[in-house]
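Those sequence lines, one after another, are chains A and B.
According to the working numbering, the first sequence is numbered sequentially starting from 16.
According to the working numbering, the second sequence is numbered sequentially starting from 34.
In short, the hints are calculated from the structure, not lab data.
Among the hints, a few may not be true.
Claimed, not checked - Which residues of chain B face chain A? A partial, calculated answer using Cβ under 10 Å:
1. S207
2. L227
3. T257
4. L259
5. M262
6. E265
7. D266
8. D330
9. E376
Claimed, not checked - Covered stretches of chain A (in silico footprint by chain B; criterion: 3 or more residues with CB under 8 Å from a CB of chain B, positions within the stretch not fixed):
10. 23–30
11. 37–44
12. 47–58
Claimed, not checked - Simulated pairs of lysine-lysine, DSBU-like, Cα-Cα distance not exceeding 30 Å:
13. A:K45 <-> B:K261
14. A:K17 <-> B:K309
15. A:K47 <-> B:K309
Think of the CB as a built atom: it goes at the ideal place given N, C-alpha and C, for glycine as much as any other residue.
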Amino acid sequence: MKLPYIIIVDDDEQVLRAIQHDIRNEYRTKYKVAATESPLEALELIKE
Amino acid sequence: MENVTTTELRNTIALKDLPEEALQWLLDHSKYEEFEDGTVIGKYGDPAEWMWFILEGSADFYMNINGRLVYYFTFENNPQTGGVGGLIPYSRMKTLPGNSYAIGRVRVISLHKNYFHELEQLNPEFIQQLIGYMTERARAFATTQLQHEKVNALGKLAAGIAHELNNPAAAINSISNELYKRLGRNYELTENLLHSNMQPELIHTIRAIVLKKEAESGQKSKLTVLQKMDAEDTLADWLENSKITDNRALAETFTEFGFSIEELENICSMAGDSFKIVLPWLENLLISQKNLTDLDDASNRISTLVGAIKSHVHMDRMGDLQSTNIHVDIENTLTLLGHKLREKNITVKKLFYEKMPLIPAYVSELNQVWTNIIDNAVFALEKNGILTIESCLEDDEVSVNIIDNGPGIPKEIMSRIFDPFFTTKKVGEGTGIGLDLVNRAIKHHRGKIKVTSEPGNTEFSVFLPLIQKE
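Work out the full structure, taking the sequences as your base and the hints as a guide.
Below is the structure:
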């Protein structure tokens, strides 16, 4: 089963991890939750 | 002008020594006005064409700063302003820079600027005296402006610090909540573990594996997000096939700690039937451990920030010469300006001279030097710009070069950048005192400052002597 992505971007690693953690707890079954500090990497992910 | 007499005019300080015929001339050429308490005498943007002399009452002047009216000072019949307001001869003011409001009942006489020339012919000394009042007024303006700039600068610093502190504080809050949950779950998982028929020695083995993982974690190359997601998927599938519930959450944690399927299989083979209980128990332990690491990071970040603020303003030692490590000072400054650097995604290159000795300095003043120069550089830089900070030791002095690859300082303003109140920023946005402070602080240290600028390379070089005389 292919799950849709949620992509989180923030320049603060600690904030990023906290947000990813919260969103995963809520949406783990419905989405894949990717998190990155780099906007470029986020764009790459969207392309994929 | 029925109500006003030359005798009454003499009550206004600016006019008290004027000869009778000059006063009469003034009366003949001026218009008389009255304002009720609180009404507008002069409005922002109106042409500045009238000089007014206060006969009664006073006026509060509010400067228009980016659309906000800020109280500057009060015109009244005192020796500073002489009771003179509005346009003064030789003033270059074209339009009113703010609003003036009547305080109490205000009575004035106003002279139109078309008569200024005639007035000068009639009484040149009086014009001199008026220019004196204008100078006083400019000084009052400058003082108030300086105070506003200082308050603004402080406000900006506080906002930056609040932002910097807020993130780790929020992180600590969220992590400790998570840790509570995990500890609660530990009761349940431990109970399950005791019910299973696993060998106690297994815990020992698992501990060894986790320790090994920790040791490896530092050197392992970071996976890209996509690689990580793939690894999670693979693990999640494997866990699902092994009939383990919560497989996704477990997969996320095990991937985070760099566990491969082989390693998990290895644990499972040792655990036998109880692996379904062992893996969730292990995951819970790993997460708790990671939470503690994150807590540590977040609280360290707060301590570093508070340390930076403390040493920056030199709370504990004021005004004396102290030996200081300028590299640490510059690092602290960068920490405090961190939010600005991140906002523009600026790369900071530090080329520090390795054996830099401590140098004697008035540390908080010197920190102002670093702050102002770096702040200017950051302001000048565009997104993704590069800020380079070099330090060198030459004979009897230390030099620090702060270089940005922004658009550069235009040649025509180069000679004025150190002038107090000179700024290219909008009113209220820039201090115009930054580089003046820098200059004064460096002079205090008997140092030198040099600037070179061309598009793509602006360099501020600060030279400080290794020895200071008290």
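Interface hint status, L259 of chain B versus chain A (Cβ within 10 Å) | With Cβ-Cβ at 6 Å, under 10 Å, it holds.
Given E265 of chain B as an interface hint, is the shortest Cβ-Cβ distance to chain A below 10 Å?
-> holds, 8 Å
Given hint L227 of chain B near chain A, where the shortest CB pair must fall under 10 Å = Violated. Min distance 28 Å.
Chain B covers the stretch 47–58 of chain A, three or more CB atoms within 8 Å, holds or violated | Check passed, 5 qualifying residues.
Is K47 of chain A close enough to K309 of chain B, meaning Cα to Cα at most 30 Å?
-> At roughly 24 Å apart (the allowed maximum being 30 Å), K309 of chain B and K47 of chain A satisfy the hint.
Tell me if M262 of chain B is really an interface residue toward chain A, meaning its C-beta lies closer than 10 Å to one of theirs.
-> With a minimum Cβ separation of about 6 Å from chain A (threshold 10 Å), the hint on M262 of chain B holds.
With chain A as the partner, please determine if D266 of chain B meets the hint condition of a C-beta pair closer than 10 Å.
-> holds, 8 Å
In terms of beta carbon proximity below 8 Å, does the stretch 23–30 of chain A have 3 or more residues touching chain B?
-> Coverage by chain B holds here, the residue count being 4 at a Cβ distance below 8 Å.
With a cut-off of 10 Å, does the beta carbon of E376 of chain B approach a beta carbon of chain A closely enough for the hint to hold?
-> holds, 9 Å
Restraint outcome when T257 of chain B is required to lie within 10 Å of chain A by C-beta distance = For T257 of chain B, the interface hint holds, since the closest Cβ of chain A sits about 7 Å away, which is under 10 Å.
Status of the hint placing D330 of chain B at chain A (closest C-beta pair under 10 Å) = holds, 6 Å
Straight-line alpha-carbon gap K17 of chain A to K309 of chain B, limit 30 Å = holds, 26 Å
In terms of the numbered hints stated before, the structure departs from hint 2 and from no other.
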